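J.: Sequence:
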Amino acid sequence: MAVIRLPGTLEAVNAHFHREGMTDGLPIVPPTREAVDGMLAYTDLGPQEVVAVLPPYKGQATVEKIAVNAVMAGCLPPYFPVVLTAVAALAEAPYNLYGVLATTHPCGNLVMVNGPIASELDINGGYNALGQGWRANASIGRAVRLVMINIAGARPGVLDRATQGTPAKIAYCFAENEARSPWEPFHVERGFDAGTSTVTVLGAEGPHNINDHGSTSAEEILTTVAGTMAILGSNNAFGTGEPMVILGPEHAATIAADGLNKAQIKTWLYDNSKILAGRFSPGNFARHTQRGWPQTEQVTPETYVGSAFSADDILIVVAGGAGKHSCFVPTFGHTRAITRPIALKDGSPVPSVEAFVG
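Numbering of the sequence shown is given in the UniProt record's numbering, commencing with residue 1 and proceeding in unit increments.
Read the hints as simulated data drawn from the structure, not as lab findings. Small disclaimer: the values here were computed from a predicted structure and weren't measured. Check the hints yourself; a few may be wrong.
[As the list claims (entries may be wrong)] In silico BS3-like pairs for lysine-lysine, Cα to Cα no more than 27 Å straight-line:
1) K324 <-> K262
2) K262 <-> K58
3) K274 <-> K262
4) K324 <-> K266
5) K324 <-> K274
Assemble the whole structure, with the sequences as input and the hints as a guide.
T.: Structure representation (structure tokens):
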């Protein structure tokens with residue numbers, strides 16, 4: 001990796017990185033040799049090992065290059081295993097990184113952390129988990145975005161063609177609030193042990209609030225959730241992708257008190273968030289009829305189409321603090337969520353980030 005020597009002021013360093021298009025518009029932390037080496041201490045991979053080849057630029061994401069971007073984002077060294085795992089997950093074919101980065105659709109790379117490492121690194125899953133104020137959330141999410149800019153080549157107006165974009169492109173990282181969830185954690189639902197730490201990535205829009213202070217039963221709350229999901233302008237409206245519902249702990253507790261498990265919630269939402277095809281504009285109806293609806297039967301204006309291809313494609317997680325709010329996270333549609341364990345080079349999951357330096 002080339003070494004750049006710049007005048008010693010922070011202003012000069014930031015002016016150079018901004019001029020070269022290597023930032024997200026915010027000031028960066030200078031990636032000194034010492035700082036990068038601090039990141040590298042938290043992996044057993046070699047600096048020049050390629051973690052992923054990232055479209056659209058087909059940039060080789062070496063461990064060292066990812067470490068540089070993690071430093072720039074303000075990550076603490078122990079965060080580095082999460083960033084590495086997220087980048088590797090983004091490169092898996094079902095995620096469709098090329099589409100997520102180059103689309104005109106306003107989507108970012110959502111990063112969700114599960115398992116013991118979430119609390120060990122103080123990744124926020126409670127109050128304001130999707131907002132500001134938490135170094136781990138902000139810097140991990142930002143590191144992933146800087147990798148997309150500097151290695152994948154997704155620069156605005158060049159290969160990133162988002163019409164308006166979204167703040168979710170700056171930093172989009174949170175932990176599931178496993179302690180407040182009445183159900184199994186998301187990664188356990190996906191086949192991992194509860195003690196395994198994982199990273200899930202999803203090509204997603206920013207969250208849409210679901211305000212429900214009046215409902216007192218599972219069916220009432222889910223009626224509000226389903227109604228929020230059934231919007232014509234969502235990429236998921238035509239039955240593609242994996243929309244995510246992030247239930248606030250209070251809503252989750254009310255739903256669970258009525259005896260519903262995750263599978264039942266997904267089925268209820270799938271059945272009740274369908275949209276009458278005749279509600280789409282004639283142009284949109286014709287376009288999607290020509291392209292093919294993801295339904296087994298012929299679609300007519302009287303057909304109800306799902307907000308996902310199947311009930312299993314609706315992702316349910318719990319996050320946030322007290323308050324009767326949940327949120328709906330629409331996705332790019334042509335993308336699948338990827339969950340990977342945070343692991344050593346040999347593939348064995350790590351119980352703690354200290355496993356890398358111990």
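J.: Take the hints in turn and mark each one as holding or not.
T.: Hint-by-hint comparison with the structure:
Taking the CA atoms of K324 and K262, the gap is near 19 Å; set against the 27 Å cutoff, the hint holds. Of the supplied pair hints, the one linking K262 and K58 is violated, its CA atoms being roughly 38 Å apart against a limit of 27 Å. Only pairs whose Cα atoms come within 27 Å are accepted, and K274 paired with K262 is accepted, the gap being roughly 19 Å. A distance of roughly 20 Å separates the Cα atoms of K324 and K266; the hinted pair therefore holds under the 27 Å criterion.
Under the criterion of a C-alpha separation no larger than 27 Å, the hint pairing K324 with K274 is consistent with the structure, at around 24 Å.
The structure is inconsistent with hint 2 alone, although it conforms to all the rest.
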